[in-house]
Each structure stands twice: as C-alpha cells, then as structure tokens.
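Line order of the protein sequences matches chains A and B.
So the first sequence is residues 4 to 145, counted in this note's numbering.
So the second sequence is residues 4 to 145, counted in this note's numbering.
Keep in mind the hints are simulated off the structure, nothing from the lab.
One or more hints might be untrue.
Identical chains blur together in the list; that is why a pair holds if it fits in one copy or across any two.
[As the list claims (entries may be wrong)] Under the rule of at most 27 angstroms between Cα atoms (straight-line distance), these lysine-lysine pairs were calculated in the DSS-like manner:
(1) K119 to K67
(2) K48 to K58
(3) K58 to K119
(4) K48 to K67
Keep in mind the model is a prediction, meaning the values are calculated, not measured.
Number of protein chains: 2
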Amino acid sequence: MSVTCELCDANAGDVIVSTEQLRVILVDDANYPGFCRVIWNAHVKEMTDLSDSDKNTFMQAVWKVEAAIRAVMQPHKMNVASLGNMVPHLHWHLIPRYTDDAHFPNPIWAAARSDKQDQFGLDIRRARIPQLQQTIISNFSS
Amino acid sequence: MSVTCELCDANAGDVIVSTEQLRVILVDDANYPGFCRVIWNAHVKEMTDLSDSDKNTFMQAVWKVEAAIRAVMQPHKMNVASLGNMVPHLHWHLIPRYTDDAHFPNPIWAAARSDKQDQFGLDIRRARIPQLQQTIISNFSS
Numbered sequence: 004m005s006v007t008c009e010l011c012d013a014n015a016g017d018v019i020v021s022t023e024q025l026r027v028i029l030v031d032d033a034n035y036p037g038f039c040r041v042i043w044n045a046h047v048k049e050m051t052d053l054s055d056s057d058k059n060t061f062m063q064a065v066w067k068v069e070a071a072i073r074a075v076m077q078p079h080k081m082n083v084a085s086l087g088n089m090v091p092h093l094h095w096h097l098i099p100r101y102t103d104d105a106h107f108p109n110p111i112w113a114a115a116r117s118d119k120q121d122q123f124g125l126d127i128r129r130a131r132i133p134q135l136q137q138t139i140i141s142n143f144s145s
Numbered sequence: 004m005s006v007t008c009e010l011c012d013a014n015a016g017d018v019i020v021s022t023e024q025l026r027v028i029l030v031d032d033a034n035y036p037g038f039c040r041v042i043w044n045a046h047v048k049e050m051t052d053l054s055d056s057d058k059n060t061f062m063q064a065v066w067k068v069e070a071a072i073r074a075v076m077q078p079h080k081m082n083v084a085s086l087g088n089m090v091p092h093l094h095w096h097l098i099p100r101y102t103d104d105a106h107f108p109n110p111i112w113a114a115a116r117s118d119k120q121d122q123f124g125l126d127i128r129r130a131r132i133p134q135l136q137q138t139i140i141s142n143f144s145s
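Construct all of the structure, not just a fragment, from the sequences and the given hints.
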C-alpha cells in the first residue's frame, strides 16, 4: 500500500462488488452512465507484475462487468482501458460508448464534440443504472 | 470479414509476429516509439464475443508484448486499451509512456502538452526498436 494512493482506499467510490482481490465501482460521470472500474485491491502498477493466476482472475472480472454493461446498457461499442498514468495502481476502465455520446467516435479523453449531446438518450441510459448494478452483482454470484 | 474494415487486411502495418489467430504490429507514431498493437485476425467486435479460450489466447499475447515493451523500452507506465470506435474489429493498443512524452500524464488521445518534448529521450527510445522487435519475437517463441 502506498500512503499517497487514492485507490488504496477501498472505501472510495460506489462499490458494486467487492472480493478479496478486487472491487467493481460505478464511476460518477454525468456524460457516461454505466462507466465502471475494476480495481485490483493490492497496490500493483502493471498487469505483467501480477502472477498468471491473478491476471486471469482480474480479466475474468473485467469480462463479467463488460458482459453486464453490454446486456443492460446496449452500447454501440465497449471501450476497455488500463492507463494509470496519474494513479499507478492497477484499474480497468469499462466505458459503454454510443454514437450520440459526448466524444464519439473519439476516446473519452479527447476533446468533447462541439455539437449537443442527445439528452433523451442520456436519460434513458441513466435510468438503467439500478439494473446494471443488479446484473453485475448477479454475474459475480454465478 | 467486413469489406470495409481496414484491420481485416492482414498485410497492413509492420507485422512483428503473426499466428493463426492474431498478429502483433509496430505502430508508426513519431511520438511513441514502441507503441504496438495486437490485432485479432477474425472480424470480431468485442472481447465478450470471443470464447473463453480465445479471450485467454488474446490476453496472453497482449501480456507477452507488454513484457517485451517493459523489458526493452523501460517505460514509466504502460497504457493498454481496446477502444475500436472507429474500427470495430478487436485490437489492443500497448503504449509505453514516459514522464517526458508528448501527453504525459494524460492519455495519448488527449490534447498534447504545450511544453517541448525531450528530443534526446525520444531518440534513445527510437534506437531500441530493433531490440524490441527481437524480444517480442522471442517471447512468442518460448
């Protein structure tokens, strides 16, 4: 554990699933309802610092979350990324993308589109969050 | 195969490793020597469209490339991402990041830094490309 690492604080964020090795949180991003993160609990910097078994455990969790997001949020495309330049503690971003979202087709880290986002589509997606949380929990129970 | 998909053309890019299921290419990006892509040969959109066995094969390849990049390029941080908004054909970006690179600590898709990049560091990294290619080939032979 690093004394300066925000991801070492297991209580940060809206935790949907928590296991001994990792946790799944719902990211609070107004433009991206359904954006989730899977965070490895131990303070590890890179995937290739993990054992093969731990890599597999981590990625299996990522795919369970991706499957839940796709089933409930019906995105046009999934974006999956492990960056960690700011916080070098392993975590995967899982972002459901839509042709009418704030950055499409660019990555969400690029400049936002100048045209107005479809508020109706965004409202529909926000309404699906409770079902997403239940589906993620269900995917980790099976 | 999609008739309009550039990644269905197996001859595109500087191919370092090619297997029946996937290929590893070196990305031609002046700011990011060592940037590699692992591309699934079949035209598949999302990781959760693959079988468990294929997911595992794909990710094992990604980790072999990450291990080679880390060993040779000595990055400050690895960035690993599967986006595909423009080209919805599964591929992983593996990008070695440095504190003096063109976008650090932001993702490479964000606006570039306004301060000048360290040309000396970039030249050193470019000189390591032949060794990187050999190490990737070696990691897939073992």
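Which holds for K48 with K67 at a C-alpha limit of 27 angstroms: within a copy, between copies, both or neither?
both (22 angstroms within a copy, 17 angstroms between copies)
Between K48 and K58, at a C-alpha cutoff of 27 angstroms, which is it: within one copy, between copies, both, or neither?
This pair counts as both: shortest intra-copy Cα distance 13 angstroms, inter-copy 22 angstroms.
Up to 27 angstroms between alpha-carbons, please classify K119 paired with K67: within, between, both or neither.
Classified as neither; 32 angstroms inside a copy, 42 angstroms across copies.
Indicate which option fits the pair K58, K119 if close means a Cα-Cα distance not exceeding 27 angstroms: within, between, both or neither.
So K58 and K119 fail the 27 angstroms test inside a copy (40 angstroms) and across (37 angstroms) alike.
Hint violations for this structure: numbers 1, 3, all remaining hints satisfied.
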